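A.B. asks: Sequence:
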Amino acid sequence: MNDGGQRRYGPLGRTLVIIPTYNEAENIKPIVSRVRAAVPDAHVLVADDNSPDGTGKVADEIAAVDDQVHVLHRKGKEGLGAAYLAGFRWGIEHDYGVLVEMDADGSHQPEELPRLLTALKGADLVLGSRWVPGGRVVNWPKHREMLSRGGSTYSRILLGVPIRDVTGGFRAFRAQTLEGLGLEDVASQGYCFQVDLARRAVEAGYNVVEVPITFVERELGDSKMSRDIVVEALWRVTAWGVGSRANKLLGRKPS
3 MNDGGQRRYG PLGRTLVIIP TYNEAENIKP IVSRVRAAVP DAHVLVADDN
53 SPDGTGKVAD EIAAVDDQVH VLHRKGKEGL GAAYLAGFRW GIEHDYGVLV
103 EMDADGSHQP EELPRLLTAL KGADLVLGSR WVPGGRVVNW PKHREMLSRG
153 GSTYSRILLG VPIRDVTGGF RAFRAQTLEG LGLEDVASQG YCFQVDLARR
203 AVEAGYNVVE VPITFVEREL GDSKMSRDIV VEALWRVTAW GVGSRANKLL
253 GRKPS
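Okay, so the sequence shown: first residue is 3 according to my numbering, each after it adds one.
Just so you know, the hints here were simulated from the structure itself, not pulled from any lab data. In this text, all values refer to a predicted model and were calculated from it rather than measured experimentally. Each residue gets a CB set at the ideal place from its N, CA and C atoms; glycine is no exception. Heads up, a few of these hints could be off.
What the hints assert, rightly or not - Each pair of labels, with its calculated beta carbon distance range:
(1) Glu-28 x His-75: 18 to 28 Å
(2) Val-67 x Thr-155: 43 to 53 Å
(3) Arg-146 x Ala-189: 24 to 34 Å
(4) Thr-240 x Val-67: 45 to 55 Å
(5) Glu-219 x Arg-117: 17 to 27 Å
(6) Thr-240 x Pro-13: 21 to 31 Å
Stated by the list, open to error - When the alpha-carbon atoms are kept at most 25 Å apart in a straight line, the in silico DMTMM-like pairs for lysine to aspartate or glutamate are as follows:
(7) Lys-77 x Glu-186
(8) Lys-77 x Asp-55
(9) Lys-123 x Glu-28
(10) Lys-31 x Asp-55
(11) Lys-144 x Asp-105
(12) Lys-123 x Glu-147
(13) Lys-79 x Glu-95
(14) Lys-79 x Asp-105
(15) Lys-123 x Glu-80
(16) Lys-123 x Asp-105
(17) Lys-79 x Asp-187
(18) Lys-79 x Glu-28
(19) Lys-31 x Glu-113
(20) Lys-79 x Asp-55
(21) Lys-77 x Glu-113
(22) Lys-31 x Asp-62
(23) Lys-77 x Glu-95
(24) Lys-79 x Asp-43
(25) Lys-31 x Glu-186
(26) Lys-144 x Asp-69
(27) Lys-79 x Glu-113
(28) Lys-79 x Asp-62
(29) Lys-31 x Glu-63
(30) Lys-59 x Asp-69
Can you build the whole structure from these sequences, using the hints too?
C.D. replies: Structure, rendered in structure tokens:
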């Protein structure tokens with residue numbers, strides 16, 4: 003989306019990078035270190051879903067020697083969306099002006115975060131995009147790329163959102179944007195959570211900008227992608243799309 007450059011944006015304020023984790027003990031220390039090096043002024047919140055492999059303990063050890071690293075211990079595995087929502091609430095309660103979504107596995111490169119934050123100075127939401135010119139994926143099998151591209155294309159067309167990478171999870175929000183999205187009734191998870199927030203931002207009239215990123219397949223640990231996540235995304239996006247078209251035909255506002 004583009005507002006023609008007419009809107010004036012206030013200062014960004016403090017940045018909080020939210021990293022949800024479940025069994026990421028091998029990855030959490032190097033990814034936090036890279037974030038701290040890439041954006042030294044930013045704080046990090048590790049939102050751990052009581053990982054059996056001790057990720058939460060490793061995160062506590064990092065936080066004990068770095069007062070810009072925080073840990074949110076959650077009671078169990080409740081999904082990506084729930085972890086981010088808890089992180090958003092924590093960040094807003096602690097007066098952060100920018101909240102960033104980023105994976106723990108290194109697929110989202112912290113070194114590209116300054117590019118997202120620079121773009122956010124003139125936007126409400128910035129998406130790190132694999133599917134705009136300059137964006138790319140590294141070490142992905144072809145079927146995974148086709149699934150991601152197809153999911154974004156299906157969502158974009160069905161929901162009518164002008165976003166190339168609707169399912170991407172490397173994002174920077176202004177806190178005011180999140181507060182305007184109606185997060186209290188978000189129930190979606192995984193890829194679908196990302197689609198949900200993107201469509202809400204577009205429907206609310208926020209200025210959404212995509213910047214190219216290089217997405218790198220994880221080297222350590224196991225992917226959290228599952229058949230259930232894909233199925234949920236398919237039926238929810240279809241329901242949203244049908245509902246949106248029905249609302250337009252009936253002259254109703256999006257719900």
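A.B. asks: Against each hint, give a clear statement of whether it holds in the structure.
C.D. replies: To see whether the hints hold, each was checked on the structure:
Taking 18 to 28 Å as the suggested C-beta distance range, the pair Glu-28 and His-75 conforms, at roughly 19 Å. Separated by about 45 Å at the C-beta atoms, Val-67 and Thr-155 satisfy the suggested range of 43 to 53 Å. For Arg-146 and Ala-189, the Cβ-Cβ distance of about 26 Å falls inside the hinted range of 24 to 34 Å, so the restraint holds. Against the hinted window of 45 to 55 Å, the Cβ-Cβ separation of Thr-240 and Val-67 comes to about 48 Å, which satisfies the hint.
Taking the beta carbon of each, Glu-219 and Arg-117 are about 21 Å apart, inside 17 to 27 Å as hinted. A C-beta distance of roughly 40 Å is found between Thr-240 and Pro-13, which places it outside the suggested range of 21 to 31 Å. Pair hint Lys-77 plus Glu-186 holds up; C-alpha atoms about 20 Å apart against a cutoff of 25 Å. Simply put, Lys-77 and Asp-55 have alpha-carbon atoms about 14 Å apart, close enough for the 25 Å limit, and the pair holds.
Annotation: proposed proximity of Lys-123 to Glu-28 is violated, straight-line Cα distance about 34 Å (limit 25 Å). Between Lys-31 and Asp-55, the direct Cα distance comes to roughly 14 Å. Compliance with the 25 Å bound is thereby established for this hinted pair. Taking the CA atoms of Lys-144 and Asp-105, the gap is near 21 Å; set against the 25 Å cutoff, the hint holds. The straight-line distance between the Cα atoms of Lys-123 and Glu-147 is roughly 31 Å, outside the 25 Å bound, and the hint therefore fails.
A hinted pair counts as satisfied when its Cα atoms are at most 25 Å apart, and Lys-79 with Glu-95 qualifies at roughly 23 Å. A C-alpha spacing of about 16 Å is found between Lys-79 and Asp-105, which places the hinted pair at or below 25 Å, so the restraint holds. With a C-alpha separation of about 33 Å, the suggested pair Lys-123 and Glu-80 falls outside the 25 Å cut-off, and the hint is violated. Between Lys-123 and Asp-105, the direct Cα distance comes to roughly 23 Å. Compliance with the 25 Å bound is thereby established for this hinted pair.
Between Lys-79 and Asp-187 the alpha-carbon distance is near 19 Å, which keeps this suggested pair within the 25 Å criterion. For a cut-off of 25 Å, the pair hint linking Lys-79 to Glu-28 stands: about 18 Å separates their Cα positions. Among the hinted pairs, Lys-31 with Glu-113 is consistent with the structure: their alpha-carbon atoms are about 16 Å apart, no more than 25 Å. For a cut-off of 25 Å, the pair hint linking Lys-79 to Asp-55 stands: about 13 Å separates their Cα positions.
Restraint check: the Cα-Cα separation between Lys-77 and Glu-113 comes to about 31 Å, which exceeds 25 Å; the hinted pair is violated. At roughly 10 Å between alpha-carbon atoms, Lys-31 and Asp-62 fall within 25 Å of each other, so this suggested pair holds. Taking the CA atoms of Lys-77 and Glu-95, the gap is about 20 Å. The hint holds against a cut of 25 Å. Of the supplied pair hints, the one linking Lys-79 and Asp-43 is violated, its CA atoms being roughly 30 Å apart against a limit of 25 Å.
Among the hinted pairs, Lys-31 with Glu-186 is inconsistent with the structure: their alpha-carbon atoms are about 31 Å apart, more than 25 Å. Proximity of Lys-144 to Asp-69 is assessed by CA-CA distance (about 42 Å); at most 25 Å being required, the pair is judged violated. Among the hinted pairs, Lys-79 with Glu-113 is inconsistent with the structure: their alpha-carbon atoms are about 29 Å apart, more than 25 Å. For the suggested pair Lys-79 and Asp-62, the alpha carbons sit about 18 Å apart, so the restraint of at most 25 Å is met.
The hinted pair formed by Lys-31 and Glu-63 meets the criterion: a straight-line CA distance of about 9 Å does not exceed 25 Å. A hinted pair counts as satisfied when its Cα atoms are at most 25 Å apart, and Lys-59 with Asp-69 qualifies at roughly 16 Å.
The structure is inconsistent with the numbered hints 6, 9, 12, 15, 21, 24, 25, 26 and 27, although it conforms to all the rest.
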